[in-house]
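2 protein chains.
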Amino acid sequence: MIKTKRVAVAGFGNVGKGVIEVLLQGQIPELKLEKIVVKHPGKIRPFSVDPSLIVTDFSQVIRDPNIDVIVEVMGGIKDAVSLILSALRNGKDIVTANKVVISQHGNEIFSLAIKLGRTVGFRGTFVGCNALIHDLSLSARRIRRMCAILNGTCNYILSHMARSGISFEQALREAQEKGYAEANASEDIDGLDTAHKIQILLGVISNTYNIPPDIPCEGIRDITMQDIQYAKELGYAIKLLGVIERENGSVTVFVRPTLVPHGTMLASIEDANNAIELENDLGVVSGLIAPGAGTYPTTVAIINDLLDIARGATLMMPTLNTPIVLNDIGNIRGRYYLRLTVKDQPRVLAQITRILGDHDISLASVIQKESAPAEAVPVVMTTHEVKERELRTALEKVDQLEVVKAKTKIIPILEGRSQQPAFIR
Amino acid sequence: MIKTKRVAVAGFGNVGKGVIEVLLQGQIPELKLEKIVVKHPGKIRPFSVDPSLIVTDFSQVIRDPNIDVIVEVMGGIKDAVSLILSALRNGKDIVTANKVVISQHGNEIFSLAIKLGRTVGFRGTFVGCNALIHDLSLSARRIRRMCAILNGTCNYILSHMARSGISFEQALREAQEKGYAEANASEDIDGLDTAHKIQILLGVISNTYNIPPDIPCEGIRDITMQDIQYAKELGYAIKLLGVIERENGSVTVFVRPTLVPHGTMLASIEDANNAIELENDLGVVSGLIAPGAGTYPTTVAIINDLLDIARGATLMMPTLNTPIVLNDIGNIRGRYYLRLTVKDQPRVLAQITRILGDHDISLASVIQKESAPAEAVPVVMTTHEVKERELRTALEKVDQLEVVKAKTKIIPILEGRSQQPAFIR
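Residue numbers (the working numbering), protein chains in the order written: chain P, 8 to 432; chain H, 8 to 432.
Hint data in this document are derived by calculation from the structure and do not stem from the laboratory.
A pair holds if it fits inside one copy or across any two, identical chains being indistinguishable in the list.
With a cut-off of at most 35 angstroms between alpha-carbon atoms, the simulated DSBU-like pairs for lysine-lysine come out as follows: (1) LYS10 to LYS85; (2) LYS46 to LYS12; (3) LYS394 to LYS239; (4) LYS10 to LYS46; (5) LYS122 to LYS12.
Produce the complete structure using the sequences and hints provided.
This is the structure:
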């Protein structure tokens, strides 16, 4: 006996239209589209909808006893939060694809939902890594490390720079022309969108809605074509990664451009795809490549939430209020790529390497190329394993040298992790 | 209120030990290990187990009213089928990792389970693509196309041949030395293991346990180092693929070596990993890379089944008896790689291309290299799109030419499918 859930969709934009289209096809007996909330009822839609479904006032669905679940896909923050909270208070379950709302207001929303015994589905906020995260949360396993490419715009720009040998500015312009980046691309290229998703995933993985409001986050704005070329020579691609790693009770979390070894799955991700690599506490590593956004990928995520609600399955909603203690990224031990900008004159390298040596920082490689006479030239180095705090202390001194002409760029290098050796057919 | 399921594990081999280890850790409140069935109770185990858990006779767990679920990980066919059927009749749910049992006896097992209202979990039979298949089945979406690398041994051999420029025989020998292939590797290299998994997935995807007992299946035994090198020059890797594709109500299913375009996810899979690429009926493409076997990956799959049973979630068990009508692979339209073995003498190419032309088969490329004088030399061709039946008819005539010295090898070429263009952040 199937119990049908009656659904209202708030929003008829890119995502809303996909959800409405699938619900109207009527192939899912558990779900019935009851109402659509739109701002502009007169607007022309990609397909026609029975006018009796359309309402313009949220309160009409929030108070409607014939609505069981509200899908919030209208975007924005203030109105969306207020809709979600009132809907919960009125006994509705919620499904949302709103990353900013969940990453910044998850605490308020989840704690209220739990108090009221309601469900909030938010797979739509991390479309590209849904399947693996769901599988992990199902399996009662803990994550050891997660590395993910979660922003299609950044990955498009970085892979386009690598493929075509063009500058960041030019790649961004082309991404904007092709509709892969918005006119104001800051949310993407400064890493904020990735950070929102990492905050949400951190909550899911740790089963807490008390997620840190800020995490260390660095975008791709000052990655140069030269960085990408040097990295390539050294055997790496540069990707904007979100990383969550647990070790001995502490959690390291950051969003940063990172050198990823060629031949790994993450290095092979091109264009606007998302990808995630997970290692669980049994050492099992798996990877997922999926579109991180788009009408239908997001629609599938939302429909999966609705179906879980209709079937009474447990959703991946964090249920505890446990605070998360983040490891200071100064404590990270790892290898680093350094791009120094120095005067093209004798004995410059000697001055720099002496300071690094004094701080016990040992170098794995140095690349300095012949160049046309110029005010300043790049010198690229990679370090052996070092503690990031010590590296930064040394580089502060290096950057004070008269021959160093700009702040040294530091990019972490991701170490490949070998797979579980156990093998049976 | 958590209802604990009491579990018996039948088998203490590679997989059994992982499941037993995780259950004994006691971190999963829904699952309690009650009994372990072993053949040789005196055998030394990787960790010690309370002797009161050990029994040597299946009937002891089948008839034990304190057992709710039996995990069948003992291998073999006849005993495993008989254990599963009796256990179902005695009111137990079943979780198994036994591919041959599920692909060859799924009909009997699933129909009995459905009649009795019991559950059979079998995620362990397709470890490498679990997460995506589960997500798909959850989403009430239909698959349009699935292409998968499902056998670690074959992928190890093919990627090792490509990397090291060695012959099939040498790569197989090294795989056997390293424990990646068994002494009798036929099940792997002749494609049977992949075919079993494809049969199981076909049932899951189509929600029927009436799966065809045989599907078109060709292994990698006669892929030569030259095939791999020519394919590489043409921009492809050779992979053993299992493919399921639906179009207009018919289903095309096969296991065959296939040319996969460089730069795609499937072409990038190295060594013993498994990978799957799924396209659903909304055009959403996603890919998963995961170990296809191994103690802990299989353990996680089995534990997920147990947890689904404990939580009363719907498992991916096919519930209908609908027969599947397979499209004759002669009807496939596609591009092909052909390796002809011809006498090294003038006008050979002219004779061959005339026959192909008479059958309307047009060529995309021809590679014939200068070679030391020899009885027979390879000529490689790729075709434009053609119906496989027509190609085979033409090649039968070609192979009858006096100048053609061996049966022409035909390898299909996988066409890249571009992703859903819709893009939002």
